[in-house]
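Enquirer: For reference, the chains in residue letters:
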Amino acid sequence: MDDALGHEITQLLQAWRRGDEGALDKLTPQVYRELHLLARRCMGRERDGHTLQTTALINELYLRLSDLKLIDWQNRAHFFALCARQMRRILTDQARARRSHKRGDGVQAVLLDEALVVSPQPSADLVAMDDALNELAKVDERKCQVVVMRFFGGLSVEETAEVLKVSPDTVARDWRLAKAWLMRELSEQKSDET
Amino acid sequence: MKPERWSKIESIFHKALEADESRRSSVVEESCAGDAELRREVESLLAHHSDSASFIERPAFAGQVTTSSGGPVTAADAPRPDLKGVAFGHYRILEEIGVGGMGQVFRALDTRLHRTVAIKVLPSAHVSDPDRKRRFLQEARAASKLNHPNIVTLHDMASDGGVDYLVMEYVAGKTLKELIRPQGLSISEAGGYAIQLAGALAVAHAAGLIHRDIKPANIMVTNDGQVKVLDFGLAKRLTPAGADSLDAGQSLPGMLVGTVSYMSPEQTRGEPLDARSDIFAFGSVLYEAVTGQLPFKAPSLLSTMHEIALHDPPPPSRVQPRVPLWLEQIILRCLRKPVAERYQSMADLLEALRSGGVGAGPETARASTSPAYSIAVLPFASVSGDGEQFGDGLAEELIHALSLNEDLQVIARTSAAALRGHGLDIREIGRRLNVGVILDGSVRRAGNRLRITVQLIDVNDGHHLWSERYDREMTDVFEVQDEITAAIIEKLRPQLLGARSPSAARHSEDPEAYALYLKGRHHWGRRPAGTMEAIAYFEQAAKRDPTYALAYTGLADAYNTLASWEGGVLPPGEGFPKGMAYAEQALRLKPELAEGHAALAYALLHYRWEIPEAERLFSEAIRLNPRYGPAHHWYSHLLVATGRLEESLSESKIYLNLDPADPMSQLHLMWHHVMAHNFDQALSESGRALANDPGFSWNRIFQGWAHLGTGAAGEAEAVIRKGAELSGVSVHLSFLGHAQAVNGNRADALRTLERLTAQSAERYVSPYELGLIYEALGDHGQAFALLEQAFAERSPWLVYLAREPRLRHLHGDPRFDALLARMTRDFGGPVSLAGSSARR
Chain U
1 MDDALGHEIT QLLQAWRRGD EGALDKLTPQ VYRELHLLAR RCMGRERDGH TLQTTALINE
61 LYLRLSDLKL IDWQNRAHFF ALCARQMRRI LTDQARARRS HKRGDGVQAV LLDEALVVSP
121 QPSADLVAMD DALNELAKVD ERKCQVVVMR FFGGLSVEET AEVLKVSPDT VARDWRLAKA
181 WLMRELSEQK SDET
Chain Y
1 MKPERWSKIE SIFHKALEAD ESRRSSVVEE SCAGDAELRR EVESLLAHHS DSASFIERPA
61 FAGQVTTSSG GPVTAADAPR PDLKGVAFGH YRILEEIGVG GMGQVFRALD TRLHRTVAIK
121 VLPSAHVSDP DRKRRFLQEA RAASKLNHPN IVTLHDMASD GGVDYLVMEY VAGKTLKELI
181 RPQGLSISEA GGYAIQLAGA LAVAHAAGLI HRDIKPANIM VTNDGQVKVL DFGLAKRLTP
241 AGADSLDAGQ SLPGMLVGTV SYMSPEQTRG EPLDARSDIF AFGSVLYEAV TGQLPFKAPS
301 LLSTMHEIAL HDPPPPSRVQ PRVPLWLEQI ILRCLRKPVA ERYQSMADLL EALRSGGVGA
361 GPETARASTS PAYSIAVLPF ASVSGDGEQF GDGLAEELIH ALSLNEDLQV IARTSAAALR
421 GHGLDIREIG RRLNVGVILD GSVRRAGNRL RITVQLIDVN DGHHLWSERY DREMTDVFEV
481 QDEITAAIIE KLRPQLLGAR SPSAARHSED PEAYALYLKG RHHWGRRPAG TMEAIAYFEQ
541 AAKRDPTYAL AYTGLADAYN TLASWEGGVL PPGEGFPKGM AYAEQALRLK PELAEGHAAL
601 AYALLHYRWE IPEAERLFSE AIRLNPRYGP AHHWYSHLLV ATGRLEESLS ESKIYLNLDP
661 ADPMSQLHLM WHHVMAHNFD QALSESGRAL ANDPGFSWNR IFQGWAHLGT GAAGEAEAVI
721 RKGAELSGVS VHLSFLGHAQ AVNGNRADAL RTLERLTAQS AERYVSPYEL GLIYEALGDH
781 GQAFALLEQA FAERSPWLVY LAREPRLRHL HGDPRFDALL ARMTRDFGGP VSLAGSSARR
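Chains as they are written, first to last, in our numbering: chain U, 1 to 194; chain Y, 1 to 840.
Just chain Y, same shape as in the assembly:
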């Protein structure tokens, strides 16, 4: 076939598929323009398009896969016999309760002993080989000798009418896989399961048995929180080699991430295994239990193995900040690649867990799926006029103090505040934030006197767990905070393990300075509109207490954002040097401030383009306070700039987890997807963000940015116009001009350009933004002149040059490549842009 012919077929094929199904045949007819042969060709391909949802969607080596609904399917999708009511020996089948790699599992009645049992019917192929069967029986005998409350007891192995089956203790409950929530379990809940699991494994190992396939799907938890390990020593005997690694849990079509995820490095190499392989798997399970994420994850089998073989997982506290250091160390030690560096026995591991303060026993472990230990603190309502920011501040302080308690999942302020404004009732707010308990209160201020009322509400039933009133002098503000915090912790203590007494970290002895600082942060959270007010408050705070480090971090952040697109009103050369100076001042006063490190790193990244140093500072900020959202937010920016998109995604998600309802954190995830060129994903995020906050102009701009990426210029122009109308900010106007030009509305684009040029006479307009409009208008000469200007003034946009989707038409132009090369050179250090130049 001639290439031209083939590409014609190809383009008609895709065109037809993109069209509405009802219009498909007419699209083909039109496009083929009477060429009957062509039409036949395309139509026959289209006819086979629908049946292509077949074996080809799964990797060739996948013996079996799991459907997205979670139920495993056999590869052949063979209908299974309905065995209900059938008798196996003296067991009568009651119902099917599952299908696994090992075959069907039933609930059955033992007609002699009148008890319920579980029966596993073994696939005939695996026991037909006498040698295999003998080994299997041997293993089953050993497993049946295990007698431990946390191991599912094997009663019998028998054969009836040529069908081999196992008879086991019947356990009602859920698997750990079903119980793990996306953000992980609380430390005490996970700890409770871990102790029981470790106890079970210790006993088995002492008896010379290893499990070989520890994974959440093999760990049952009964309704009263008791762990029961399934398939001891049997799992790997029964699954076909090769296929056993592929009973994918969360598989999407064509994407298999299976239990290879829990394999030890030596296991993936097929080496002989010992107890330390179970220890590795235990580490993976515990990692997932506390973070909600797999330690080694990648889109395919190959890259998952790549991860297991060569890379260390991200420390659990990076994924889920509430994971305490001692537990992180235990998990990471289990996951060491050389076996000699792991715990050498389950007994050692148990001891480490216990000395970390993890309690044992089903009474402490909870099997409930509602996060009862999660709490949201709503901003305190102000009864009298000027108590508002004080109330915000008090809530913030309480959040901070409560966050120090590692067993409590505390939802950040912005998220709670965002929902309060919607006039929802407390229980609805609780449900939206997915918390078990809400702390609500009010502040009344009269002169120097304060009256604070606080109440703790159970989200499930709206029940008041506790309430209290405090009358205090304004000067006692910190004492009041400590008192309230301690009382709340006391109230929750029965459900908490290892609760620590909170100590609030504040950095000024002057309560007024502190209140001013909180007001400043409040306004900065509403940037760009609130930035100037924020600066005024931070300045007042610093004036009252010149040694108050946090006040300077506020100033640093405010000036940094004024000089970048978030504010976009100061030239980089004016804003960033101020931002850096304030950050440095804060760090001189308090070297351990995460806020100071993050602010300095932000300026180094965007203005000085000193990537390695910025990265060091971001890491330090995250180490100092893993819960400080902006550190994750901005670190993700650095990762995008250097093309490390997977890491950026995970930082973006941490930021979102820390503050799920903050419009900035949602916006940021959208930004990540745009810069990663996952435009469809950005669009689906934008839908969610818009629903939450339709007035936030950046949402629309980013949505338009994503549309530009997919080539939908019309949609892009429409949404960007709405966003720009909402804000009138020059950055948004430049997006509009670019979209208009791309959409072919040259005259409109020129008008927008004029408007911006007129604005630039009065205030700063970034040459980068103007350059983008010229680029879209086709005036590359002017575009490059402006990009050069942006380079000269060290525009913060330029660190993303390689990834900017609006500039991808310039890729390959020697002027663009030269500019990119100069950026790379200026990046210094080991991190380079070379690997990140956009793929399209």
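Just chain U, same shape as in the assembly:
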């Protein structure tokens, strides 16, 4: 991690730990940039015929952040939240790039996906999902967060509760409603298209 960037990330993380929730929003693009650099570096290496795995990417990021002594086990919640947001960005951007590639609209995808072949669920339309989530955030920000943690981050109900500082019951209820809301939104989108 280059020092200036590392320093900035450190400061944002500290602000976040002090309770400045806005810091997380600023942190997300910073870390994304860091991942981008990382992926490019990894591309350069001979990687045993493998592309960089999702798990590898997250772990690499994780180790880097913990190297900076920013993450210890007590605030792993912060790490989880960061990762979940990153996963949303990575997967959604990739899905958008694929879509524009298919349409042949000539947009050159300058993206991680050259290096990062993660394997999203084929059954999920992640672009539609991302749009629907943005809509959900307008209605109820926390429910949107719950979905990001659970769906993109793969976190359990308890871990999500730890991240969002609410009870697991609340997460379970939010999750239930958010899913119904999203399914409705997605099915409406689909019927709009046809």
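Careful, some of the hints might be misleading.
Unchecked claim - Every beta carbon over 12 Å from chain Y, so not counted as near; a handful from chain U, in silico:
| hint | residue |
| --- | --- |
| 1 | Gln11 |
| 2 | Gln14 |
| 3 | Lys26 |
| 4 | Asp131 |
| 5 | Asn134 |
As the list claims (entries may be wrong) - Calculated lysine-lysine pairs in the BS3-like style (CA-CA distance at most 27 Å, straight line):
| hint | chain 1 | residue 1 | chain 2 | residue 2 |
| --- | --- | --- | --- | --- |
| 6 | U | Lys165 | Y | Lys297 |
| 7 | U | Lys138 | Y | Lys8 |
| 8 | Y | Lys590 | Y | Lys578 |
| 9 | Y | Lys2 | Y | Lys15 |
| 10 | U | Lys165 | Y | Lys590 |
| 11 | U | Lys165 | Y | Lys2 |
| 12 | Y | Lys15 | U | Lys165 |
By construction, these hints were calculated from the structure, which means they are not laboratory data.
Think of the CB as a built atom: it goes at the ideal place given N, C-alpha and C, for glycine as much as any other residue.
Given the structure of chain U, go ahead and fit chain Y onto it with the hints provided.
Expert: Leaving out everything else, chain Y in the frame of chain U:
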């Protein structure tokens, strides 16, 4: 949308879902009160609720998951073609035998050589890229050169009609994943597989091939116990990147714990791998084989990686006490994070396993799923009147002696005793305790003469494996025990490896003192009712032999429990100092006693609130005797007090494993769930415990406690009333008063309060318990005054202040926070309560 509108929608939505399906629409109709727009909104959400069991339940990065029944499903759930009878080259498909990340697997007939083979059809996407295909072929060529009895032979790789497939040796058997039991395999069984697996890997590594994906699902065991490693060098080539880590084994919806569990730290980072990565995975597999648990486990992919990257796994013997030290050291060395600190080659690892005494060869390994090496010793029936406790004692001594044999899984006394009382026949008892062999016997005592008969019974067929009669003088009691123990071990020896000669650990030369001690423990096990009698026996034992350390540990435990809720009849300031003094006396006499360490730690935790020192002592007790259940039980208490709930859960499970039918161990697991605020789980545990022992009042109290946690005050009051009626203990009455008040039965609550206040004139009633009733009645002033009083007298309840669900309404009240802060300060040391303050 306005927030008020949204929260209205939300609450009706949940209300409707909580209602019975048949009542749902009327609930919505009523709640919407004629607001048609609102109703439409809620109904459309409800309509989509049912289809939300969809892709969203799985993490977005999960390319594929496994169903809870164990069969992997492809993400798209695409129907697979039925290929039965289809010919691939000269192979004819007979039946599908599995679907994996690599595609479908079939049993097929080789029509030329007339042999059965396994055929793996490769997913086209993975071999369509010519570069990939070339590399894959290269690897397959190398793998096909491996010729080892423990590696599945690759016969051929071919293509027919655009379908690529592998032809392999067909192996009938089960995967190691299917064979591993929840409590792990016996050391000899696991050792037998480990040697074969290590042998296979050593040969492959020498040929320059690494497996990359060693996991129980990739290890076949034939019906005669021969290990066959699958997918050598191929597995990782064929699974899509990212998805390969996610073919979850025990997944619940939304919870993926996949083969990332067996990855090495360097593997999760995508670094180049070498043989030492297989060694790490080997360590994980062996860990799971002997303990039944994964070394690194967490509810999600992220936290599993967190574990693999940064944390050391709990030593296997902590999870499964029968794991011997030498094997534990081997496993932990495989699991070192820096590659340079692991075994550097499979050959080194093989040597370590062999020098540990693990035998090789399929003849020693068993593939049976019934734990033939597990034994339960039933309390010896007494034929004449006063032999009863002696018989109990003899059984206990035998259990202890047998436990020293690491290949034998011995079920603890209480569990066996609990079942004996149910009038079940031996084979049924064996099945319930999940053991292969039962030792049963009787004692007849006439004056100073003893006649002991013993029989060993095979649970599967009720067959008598062996029986014997001993006539002895009372003074020979230890000799008789040694003799019987040695004879049993001798009988079982053909099936056991590395059996050690047992040496019973007893601490008094006076058999009478020993018998008195055993009687004391017998009564203490029935606390709180039996505690006073237990004290009398322990005192007599100590009187006969004043140097008898165990007798003092008995006294220590008895006084400690009298001063805490388990007994609840002595003020903390009276009971605990006695408990500590006795524990210290025991430790002066025998510094290596686990019992003494645990007793002292218990008092330090609950009375002195000296957490770090208590923790040190608990760890020491567990180190000294990993099978001593109470050490795990009480250590879990400390972990709850300090908010380390995952660790507490694992200690609670160890306690339960050591003594599965002991009502205390079941009760304790329930307590853990209540304190962890997993109320639903506590309730499901309580159902089981109640079925086993409906007369145990604490079960009902805890059930009520859990109901209070979920907000079901009516249910809480009902079950607590039953529990309190059964016992009449003041602790239970205070639970009743609290539940009555929460349930709105103010008058009843006040009556209970009066009853308790009247009791307190005659005997000790904890101010903490009274305080809880006032809290529920809404009199916070009085509640805090009583909590202060509890603080002043160092009530043992206070270490759980942050987690007490009955007090969560006080969170945020500055008086509560101040009290909590003072507790934290008094905890001293590095452990603090700060991280554990309840989340709700």
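Enquirer: Minimum Cβ separation between Gln14(U) and chain Y greater than 12 Å?
Expert: Check passes; 18 Å lies beyond 12 Å.
Enquirer: Taking the closest pair, is the beta carbon of Asn134(U) still more than 12 Å from chain Y?
Expert: 15 Å, holds
Enquirer: Beyond 12 Å on every Cβ pair: is that true for Asp131(U) relative to chain Y?
Expert: Holds: least Cβ distance 14 Å, greater than 12 Å.
Enquirer: Given the hint that Lys590(Y) pairs with Lys578(Y), test it: the Cα-Cα distance must not exceed 27 Å.
Expert: With a Cα-Cα distance of about 18 Å, the restraint between Lys590(Y) and Lys578(Y) holds, given a limit of 27 Å.
Enquirer: Holds or violated: are the alpha carbons of Lys165(U) and Lys590(Y) at most 27 Å from each other?
Expert: Status violated; Cα separation ~48 Å.
Enquirer: Within a Cα-Cα threshold of 27 Å, do Lys138(U) and Lys8(Y) meet the stated pairing?
Expert: 17 Å, holds
Enquirer: Next pair to validate is Lys2(Y) with Lys15(Y); report whether the Cα-Cα distance is within 27 Å.
Expert: 20 Å, holds
Enquirer: Take a quick look at whether Lys15(Y) and Lys165(U) sit within 27 Å of each other, Cα to Cα.
Expert: Holds, because 24 Å separates the two Cα atoms, which is no more than 27 Å.
Enquirer: Could you grab the alpha-carbon distance between Lys165(U) and Lys2(Y) and see if it respects the 27 Å cut-off?
Expert: 24 Å, holds
Enquirer: Check the non-interface label on Lys26(U): least C-beta distance to chain Y beyond 12 Å or not.
Expert: 22 Å, holds
Enquirer: With the threshold set at 27 Å, check whether the alpha-carbon distance from Lys165(U) to Lys297(Y) stays at or below it.
Expert: Distance ~23 Å between Lys165(U) and Lys297(Y) Cα, so the pair holds.
Enquirer: Mind verifying the non-interface call on Gln11(U)? Its CB should be farther than 12 Å from each CB in chain Y.
Expert: 24 Å, holds
Checked against the numbered hints given earlier, this structure breaks only hint 10.
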